[in-house]
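Peer 1: Assemble chain B onto chain A, guided by the hints.
Read top to bottom, the protein sequences are chains A and B. Each number in the working numbering comes from the position in the first sequence (counting from 1) with 22 added on. Each number in the working numbering comes from the position in the second sequence (counting from 1) with 242 added on.
Because the hints were derived from the structure by calculation, they are not lab data. Please note that a few of the clues may not be correct.
[Said to hold, decoys possible] Chain B side only, calculated, beta carbon under 7 Å to chain A, not exhaustive:
#1 Arg253
#2 Val257
#3 Arg261
#4 Val264
#5 Thr269
#6 Val294
#7 Phe297
#8 Ala311
#9 Trp312
#10 Leu316
#11 Ser348
#12 His351
#13 His373
#14 Ile374
#15 Tyr379
Fair warning: this is a prediction, and the values are worked out from it, not measured in the lab. Backbone N, C-alpha and C define an ideal beta-carbon position, used for all residues, glycine too.
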Amino acid sequence: MNLSTDCERVRVTLMAVFDGEGGQESAADRQHVLTCAPCRRWLEDLQSMTTQLQGLPYQNARMDLWLSVEGRIHDSEQRLTLTRQLWPVGALLLVWRAAQLFVDLPVPMLHPLVPLAAAVVAVWLVAGDPLAIETSAPELQKRGI
Amino acid sequence: MDDAAATRACRTGNVDAFRHFVDRYQTRALAHARLLTRNEADAADATQEAFVDAFRNLRSFDPARHFYAWFYVLLRNRCFKQRSRRGTRWESGIDDATPGVHPGISEAHLDLWRAIDRLAPDDAELVVLKHIEGWTYEELSAALAIPRGTVMSRLYGARQRLLTMLAGERP
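Excised from the complex, chain A in its bound form:
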């Protein structure tokens, strides 16, 4: 703490005592307050400000966040589930690639497009058809249609 004056040092000590965090002020600090009008005034102002702020209310939220939070939780759960489901697919593709490199597989299975096609099919199955048109009522309602 870089305090330049004796008043500031005393005020920080008094502030901690006032907040119930600093134990007891020293006799010298008490003497300082008795003889220093600005510090006495500062302490009174601090007490007054604290009293005012303790009763300061927050505004009731003008929006209810629950629906939005709930939607985001579900979205994040879905993403998490998708990630978990895609891990095995990724692992399988790695195994496939390793097999291509190190094991003598039959020629048709070595084609580089085979793992790519497998990945596309896996993602399609897990994530659903990206070209599908939503026609179910709840989905349309959710989108405000």
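Peer 2: Using the frame of chain A, we list chain B on its own:
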């Protein structure tokens, strides 16, 4: 339902039980986020994301602690991310529809919120957490990830600036 019961329910995967936390803490979370982001839309977004983070990380929450003190760290991180993502888009000073204030608030309270809003976000954060939330120096030190001595010096500076502002508004 109290926080501990809601925590237990959420940990079993009950998303609806998390509503307890949103209903209970959204008001103060929005007010705090607004002080940190100084932007209504960013504050709402950061608060929602922080609640999602809280739900996902609820297993690491110790129910012996106060939920909001734990949640505040997540909220603060989200607010900082929001600020760095969008840049600082300061909204002009507080008006009668200031977030963080009751619609039917007294003029005296409104003056206090105006003064707090004019403080730098770091100062405003300390003042609100100390004076309105009643956090101890230890709690402030843990939430803001700064030593206790730094809490004291920053709190002193923030109070000093707020006192100066309030003194300037006196007739």
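Peer 1: Hint by hint, say whether it matches the structure.
Peer 2: Verification of the hints:
1. Arg253: violated, 14 Å
2. Val257: holds, 6 Å
3. Arg261: For Arg261 of chain B, the interface hint holds, since the closest Cβ of chain A sits about 5 Å away, which is under 7 Å.
4. Val264: holds, 5 Å
5. Thr269: holds, 5 Å
6. Val294: holds, 5 Å
7. Phe297: Cβ of Phe297 of chain B sits 5 Å from chain A, so the hint holds.
8. Ala311: violated, 17 Å
9. Trp312: Violated: closest Cβ of chain A sits about 17 Å from Trp312 of chain B, beyond 7 Å.
10. Leu316: violated, 13 Å
11. Ser348: violated, 9 Å
12. His351: holds, 6 Å
13. His373: OK, holds: His373 of chain B within 7 Å of chain A, min 4 Å.
14. Ile374: Nearest chain A Cβ about 6 Å off; hint holds.
15. Tyr379: It holds, given that the least Cβ distance between Tyr379 of chain B and chain A is near 5 Å, below 7 Å.
When held up to the earlier numbered hints, the structure conflicts with 1, 8, 9, 10 and 11 and fits the remainder.
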